[in-house]
Amino acid sequence: MEEALEEISNDLEQKDIVKIESKKLNESMCTLEVAFYANFWNDILERFDLTSHLSQDPKIVLQTAVNALNSLLSYFVQEIRNKYEEYEEKAKQMSGLKDYAPIRYRKKNVRLNSLNNNQTAATQLI
Numbered sequence: 001m002e003e004a005l006e007e008i009s010n011d012l013e014q015k016d017i018v019k020i021e022s023k024k025l026n027e028s029m030c031t032l033e034v035a036f037y038a039n040f041w042n043d044i045l046e047r048f049d050l051t052s053h054l055s056q057d058p059k060i061v062l063q064t065a066v067n068a069l070n071s072l073l074s075y076f077v078q079e080i081r082n083k084y085e086e087y088e089e090k091a092k093q094m095s096g097l098k099d100y101a102p103i104r105y106r107k108k109n110v111r112l113n114s115l116n117n118n119q120t121a122a123t124q125l126i
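Using the numbering used here, the first residue of the sequence shown is number 1, and each one after it goes up by one.
None of these hints come from the bench; they were simulated from the model. For clarity, every value in this text was computed on a predicted model and none was experimentally measured. Any given hint could turn out to be false.
[Claimed, not checked] Listed next, the in silico BS3-like pairs over lysine-lysine satisfying Cα-Cα at most 27 Å (straight line):
no. : residue 1 : residue 2
1   : Lys83     : Lys107
2   : Lys15     : Lys98
3   : Lys23     : Lys98
4   : Lys15     : Lys108
5   : Lys107    : Lys24
6   : Lys92     : Lys23
7   : Lys83     : Lys23
8   : Lys83     : Lys24
9   : Lys23     : Lys90
10  : Lys24     : Lys108
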């Protein structure tokens, strides 16, 4: 995906807006946070997919389906919680970064009241 975005951003036949958007998307995807979530959700969705395929098999025994669904609960509660360091290490290898992005705070918009709505006393100039 990274290669495709980079190719689009370097393509001279693309419009400028398309090149800029692909470059920004590529930059935002090359962060440690995105790599962490990609690995984390890949494991979760892969496990759900396997369980879904197993439970849709017409020849499945009911107990097998129940065991598969129960394994999802134990997988999430026990295994995923204990794999934080593993996911973080995979994300570091995948992104090539060692630190998370610094916290950025949004600037608050200063809204000024219009002069007509201001009910303050008149000021005398000397």
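Hint check:
1. A hinted pair counts as satisfied when its Cα atoms are at most 27 Å apart, and Lys83 with Lys107 does not qualify at roughly 35 Å.
2. At most 27 Å may separate the alpha-carbon atoms for a hinted pair to count; Lys15 and Lys98 exceed this at roughly 34 Å.
3. With a C-alpha separation of about 22 Å, the suggested pair Lys23 and Lys98 falls inside the 27 Å cut-off, and the hint holds.
4. A distance of roughly 34 Å separates the Cα atoms of Lys15 and Lys108; the hinted pair therefore is violated under the 27 Å criterion.
5. The hinted pair formed by Lys107 and Lys24 meets the criterion: a straight-line CA distance of about 21 Å does not exceed 27 Å.
6. Taken as a hint, the Lys92 and Lys23 pair is honoured in the structure, with Cα atoms around 21 Å apart against an allowance of 27 Å.
7. Between Lys83 and Lys23 the CA atoms are separated by roughly 32 Å; this puts the pair beyond 27 Å, and the hint is violated.
8. Of the pairs offered as hints, the one joining Lys83 and Lys24 is violated, with about 30 Å between alpha carbons and a cut-off of 27 Å exceeded.
9. About 24 Å separates the Cα atoms of Lys23 and Lys90, which keeps this hinted pair within 27 Å; it holds.
10. For the suggested pair Lys24 and Lys108, the alpha carbons sit about 24 Å apart, so the restraint of at most 27 Å is met.
In summary, the numbered hints that this structure violates are 1, 2, 4, 7, 8.
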